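Trainee: Could you fit the two chains together into a complex? Lean on the hints.
In order, the protein sequence lines correspond to chains E and L. All letters in the first sequence, in the order written, are residues 211 to 613 by the numbering used here. All letters in the second sequence, in the order written, are residues 61 to 573 by the numbering used here.
Keep in mind the hints are simulated off the structure, nothing from the lab. Please read all numbers here as calculations on a predicted model, not as lab measurements. Certain hints may be false.
What the hints assert, rightly or not - The calculated BS3-like cross-link candidates involving lysine-lysine, where the alpha carbons are at most 25 Å apart (straight line), are: (1) L/K181 with L/K128; (2) L/K463 with E/K349; (3) L/K573 with L/K84; (4) L/K84 with L/K188; (5) E/K597 with E/K565; (6) L/K423 with L/K465; (7) E/K473 with E/K565; (8) L/K359 with E/K349; (9) L/K319 with E/K349.
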Amino acid sequence: MTLNTTSSEDRFAGERLKRTPFYPRLKELNLREAWDEWNGYKFADHFYDTDYEYFCIRNQCGTYDITPMQKHLIEGPDAEAMLNRMVTRDMTKLRVNRVTYLCWCDDGGRMIDDGTIFRLGEEKFMLTCGSPSNAWLAKSAVGFDNVTITDITDDTAAIAFQGPVTCEVLKKMGLEGIENLKRFGIMTFPFEGETMIVSRTGFTGDLGYELWVPAELGLKMWDKLYAAGEDYGIQPVGEGAVNMARLEAGLIMPYLDFSEALKTVHYKHDQSPLMLNIGFTVDFKKPHFNGREALLAEKEKGLDYILTKLDIEGNKVAEEAILYAEEECKTEIGYVTSAMWSPAVKANIALAMVKPEYLEKEIWAEIYFYKELRPYRKMAICTVRDKPFYMPPHASQTPPAIF
Amino acid sequence: MSNYDAIIVGAGHNGLVCATLLAKAGKRVLVLEANASEGGLGASREFHEGFQVPMAHGAASFSSTVLKDLNLAGEGLSFSDALPTVGLSEDGNHVSVVGDSVTGALEADAAAYPAYRAKLKRYAKVLKSIWESTLPRLGAGGLAESLVYAKGALNVRMLGRDDMGEFVRVLTLPMRDLIDEVFEDPKLQGLLSWDGVIGNKMAPRSPNNAVLPLLLRMNGLHDGDHCVPNGGMNALNEALLSAAKKAGVTIRFDAPVAKFIIEGDENGQRATGVELASGEALEASTIVSSADPKTTFMKLVGTRHLDIQFTNRINRLRADGMVAKYHAALSELPKINGLDDLGGRLLIAPTFDAIEFAYDDAKYGEASEHPVMEITFPSLQDPSLAPDGKHVMSVNVMYAPYKEKSGWSDAARSAFLGRVVETLEKYIPGISSLVIAQELLTPADLEAEYHAYGGHWHHGELSLEQALMMRPTYYAAQYNTPIPGVYLCGAGAHPGGGMTGLPGRNAAREILK
Ligand SMILES: Cc1cc2nc3c(=O)[nH]c(=O)nc-3n(C[C@H](O)[C@H](O)[C@H](O)COP(=O)(O)OP(=O)(O)OC[C@H]3O[C@@H](n4cnc5c(N)ncnc54)[C@H](O)[C@@H]3O)c2cc1C
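Chain L with its partners taken away, still in its complex shape (with noise of 0.2 Å):
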């Protein structure tokens, strides 16, 4: 007999709420994680000597419900109030937003400004049951099914008439088009435009789903705007691992998961267990991973169990990253011209087109030639990140297209670097002269450090045709999938990626039915 119910592969955030739902109701969990730790594309990173840094460096997705299910407060976790999100300029005269206000922008636009994040704010709190339900697959008609959308549709007629028909006008909008028919101040669109675009291959033109996801992370703490766990970062990890310890969750670091074992007779196929790397195996009949659906289903699954238009339907998930990592140690905190308060997030994306051209380049598979990029100090938060009087930064570095044209052969590698911290310098003049060390990861690194597929920060575009319940697409997407005892609880489940909680959580639910 098997000692678990539950094997969860990944100690992810999203991993970890599974685990602590799961074993909250009772069940044996027992978690294995590839890496060394927790927190997966949220972990914490030491990347010389002395020096960490946060992957994600931002909570601003994290879900209050999953705060409460798990009573992450219980464990001491607790988060900043909304910090600003700000738009550098070179001239020192930037552009700052935080709750209704904006400073450093037109008057006329910042006057704008409340009843546009009024608008956004009242269809974020639509989705709320849309987000945190399993969605009903497509052509099931069942009455608890018709219920999520008959919920789902009620909070949309809640809106009023008039409301309601706008919530549908803009639903699919490109952010250009959201922004541009209120705001008129460059360095404004810019940095409302970063949000709907970032991790996804996508710009503030393109159309598909940007609104989607910009109001998937207003359903977060403080409604979209930048903060992050008291203490840092790291303080989410500690007090998720901390929860499933205490929940009776085991987990196991260094444990990297091979294959599932699925075992079959005249009744069908079913998960039995997984095989390490090491070739340990290990018996659950409930196996939930959280690692992305194109390694779960084409390396762990194995396609010889899936059927064969469901396994091309994974293998062409767009999943190919484009957000790379740039991490510095520096012997102190750059001073910035026209900014006092570093302890927000920092965009370098004065325009659209700033967004757009440096996609445009990605498009054909070249790292931009002027990239654009948002910026953290988390070593703000937690000190202990650095030594005593250094700090870290943190950059999330758009774009890099996972299929470089060249495979990221050095040469590309070392003058995207180039760019990247040329660009740095021309914003924060003088921050070069502070680096003691740095590093660069590509989503080709992030996949081979963090096993995400193509380094997505979604496990998978958070595109139409990947979202809601056809995330990560059909026969797939209510947590469930064709093999029995075979669970989705990551970033590439819905409401999909960023640090939100709701995948996890919404998967557990799932298997507790």
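Isolated chain E, as found in the complex (with noise of 0.2 Å):
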């Protein structure tokens, strides 16, 4: 008897990596072969070195891949609707070709994912987020007979290329007007017969664009790009990177600062958007919004914790450090989501859950590090920050300054 067995075929096949349309340039850029995984796709934790590519958004400029992330055009006339009742924004203020920053949540308040949508017509959005949000989409769906909801996640091809050099880039390579594109709007610009979408947006506190077109031109306007970025030393960056610059704008990253609210187990183990200090993104004013009567309540009765910032005395970085109200570490007041020394503003930052009837006394760090294998353990007070660490005056300004 003969095996049935096709050694031809990759028997491995629907367990490997995607590859983004970018990735027979990727592969040739990543030096260290350090790849990393994003909802399937083959992704960069860098490619030569994560403090340099963190340089190159700061002082120049990067691409960072976003195909992986995950992107859904919601469109026709319930639309606005559905994404009204779905998220905490107001979407009827979100006028066409402009972005936002929200963040939706489970009927308990609690925060499922945070995203931005794109108004890209009357009736058409488009929303990214970081994890996979079909189901979610579908059940906020359901009583709306006018709306269809497409995952584009893998027709879509997208850099985000922030630093800033950025807007002299993009002038070079043709956009022509990209000059005037203030923060949060959005522009297109034909190409190879499509379109491009250029948005001003990122997560990197940095000037930066990101930029979106069909999958299979996606490595026409890649090269497009290094081309026109050439002489001002583009180089792609991984999520090392952009980690870094992420934690400097004190925006939050799924898994380190908040768990999705559908995936945890324990329910005092995710947090409300109030928690997560973007109450800016819930409008108690629209009258009704998912979770929006959990969320009152919360409001009402006080937060367990509230996200904040804090400078920790010394350089010994305080990840995953407990808070205590002493330095004798008495009283438990909270805990260290994430930290890094900042290059940019040379300070040892952090996000952290703070309880908030503690945040205008003493908040003590409890610090462990290694010397050469050795643990130590210090205690570091802590200051409060109440703006992002970087906040530079050129990332919001338009025209953007010329290089």
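Mentor: If you want it as structure tokens, here you go:
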């Protein structure tokens, strides 16, 4: 008896990571073979060195492949109403060709995910977010007859192009008028017979744009962008560098600063947008949105924790630190969710969940650090910061500075 | 300013009970009914010129508390004594049950019956306070809430330790297990199963929730035995209508409500009125719906006003009806071999398996090959239902799935009608030759004509996950709903369906709190 094995076939085909349209270029550039995974895509943690890539974002420009980010088109006469009930922000206030940051909650007011939404037309939106949301979108559309939802993640090639010289490069690339695009604005350009969408958005706190084209045009866009950016030090950047930049900008990250509400086991292991200090996205003036009642109740009762920006004494990174009300660690008052040494502001920074009643008092971090494999412990006093750690004026300037 | 404090959607019995109690408490109440007359799934129906039938043809479940609260005796309403339930047998050796008496079954079974019945009566009594209360919201820990459970728990404790254990044990048994540990007579087994499964997507072997609905029925007028109002079922509708009018309720028929008007601002949402299909808008700050929960939330409130997980629970409510109704106009009363009195209710459900196998077909979307039935001749209690000397026959037929796999094509419908008539002919030979006119209403028809999703008896399965403080689902199980000003008062609310009047009464008490 012969076993019917088909040796020519890839037995693990379904398990292998998908490749984004930029892969032919990425694989050449990934000197360290430092691959990670995001939503089933092969995705770079870094290409050469995280710190180096971080400085590219802050000093010149870097490209971050956001193809794996989830993208959904929500279209039809009911699109606005359906989204308006799903998300905490008021969608009726979002004008065509504008983008906004937002989040959505379960009925209990716990955050499912955050993302950005693009109003591409009166009845056409693109929602982007970190994790697949098809199931929640389908549930949210129940009862709305005139709305269609399409997952366009695999059909779209997208680059986040971030750094102070990005506008210059895009001008070079031929995107006429791009310098007039304001933050959170959208422009479209004809590209190879199709449309390139450019939004002035990003996840780094710096000047930056996101570029969106049909997947099959991805490589062409890449090559045009790299040709234009050659003299401006254009570099690919990975997850590591973006994570540094976003923390300096005070932006929250799933699986670090928050757990997606539908995925936690313990009901206290997820958070509300109020706890995550993105209350500005929660528009209680709206008569109804999912989780409104629960969020109002939470607001009335007071938050268990609130995400707080901390500037920590010394230079020992407070990763995974527990926070106390005294140096003697008697009263536990919170915990650090993300921490780093910030090159841009030269400070030891962190995002942390802190019990609100302790915000005005002393906050101490219990930090463990290593010297040549030996762990040490130290207590460091923390200062609460209200503003993003890094918020350079050039990020919001229109037109941006010329280089 | 609005002319009304409360608008009640639906003039079924629960809508009328609720309206009357609100009006008696001084509220200005308007009832809007889509159909031309009152009664809903318990309405009187003219299906052939000069011939009428009651939709619900038995009043066994009606609550004596509701009778008292509305003083329906004052409207001249009274009820028959307990009437026999007869399990028909092709050979004329029928089994008959009324009160403690069983005839036509094995002697040992007849002897065991009073004790079995006494036990269930004790349990039905334990639950009385549960049926007649608003059950606390899950997770709510207030004193008033705890008291409701405390009272229920106390009733259970009063049973004594052994009986308490027994109560909890039998509560979730399938009908078959409840019955076959006591009775061996196949005919009696079939008959006793009936009231545990009718109306639900259930057969004697089904787990989930058969005993609770049986005990709810036993909370009625004759401990679960069949009975009808003197003068027929319509006497109940008339009494309810008259009580409502006397209390000052305004009732408008042919007034289908298209949607609730829900307004919102920075203080949230609230109901401010309803809009009729005609476009007419009517104002009131309290809107009480006796329409089923799916219709109420998905259509009348609209999902955009509701939270997403709540909406999906409502959308997933199990509410596909399983019972069809067959009506026949008869030139005369049939003669049934071995049965003189046709005034009770007759069952064609000769064994557990007769019901079970009929159900098996329906599980896969087919109307039963060998349907089982509950038959009455309502013209015996109310001669006005048919011309002189003539009669009507009213039959509940199981199982007829709402989502019949052909979508109730003409062929499926006429084939099923054929099987119904054939079965009747087998048990009541000669009956088809007496039929002057007939109709078969599938659950899809019931939905279209009586506006209850799925044509479901109970406005949604009376199953454990949709019962008690979960009826119809959490956050809508205390008669109020997530929309301030919107309430539920129909069979889809606790304690459930059947002609009990309790959802309407409990809702009124909740609204008046
Ligand atoms: C075929 C059948 C036989 C039955 N037999 C019996 C029986 O013998 N004994 C028994 O106890 N129970 C029986 N039942 C169950 C019982 O009839 C129901 O549970 C009961 O009638 C429910 O009463 P209700 O008032 O809650 O709702 P319904 O009787 O359904 O009344 C609701 C009313 O609201 C109206 N309505 C709905 N939507 C709107 C709208 N948008 N605008 C205006 N009006 C609206 C409807 O037209 C209806 O009149 C039977 C059910 C069926 C389907």
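Trainee: Looking at the structure, which of the earlier hints fail to hold?
Mentor: none
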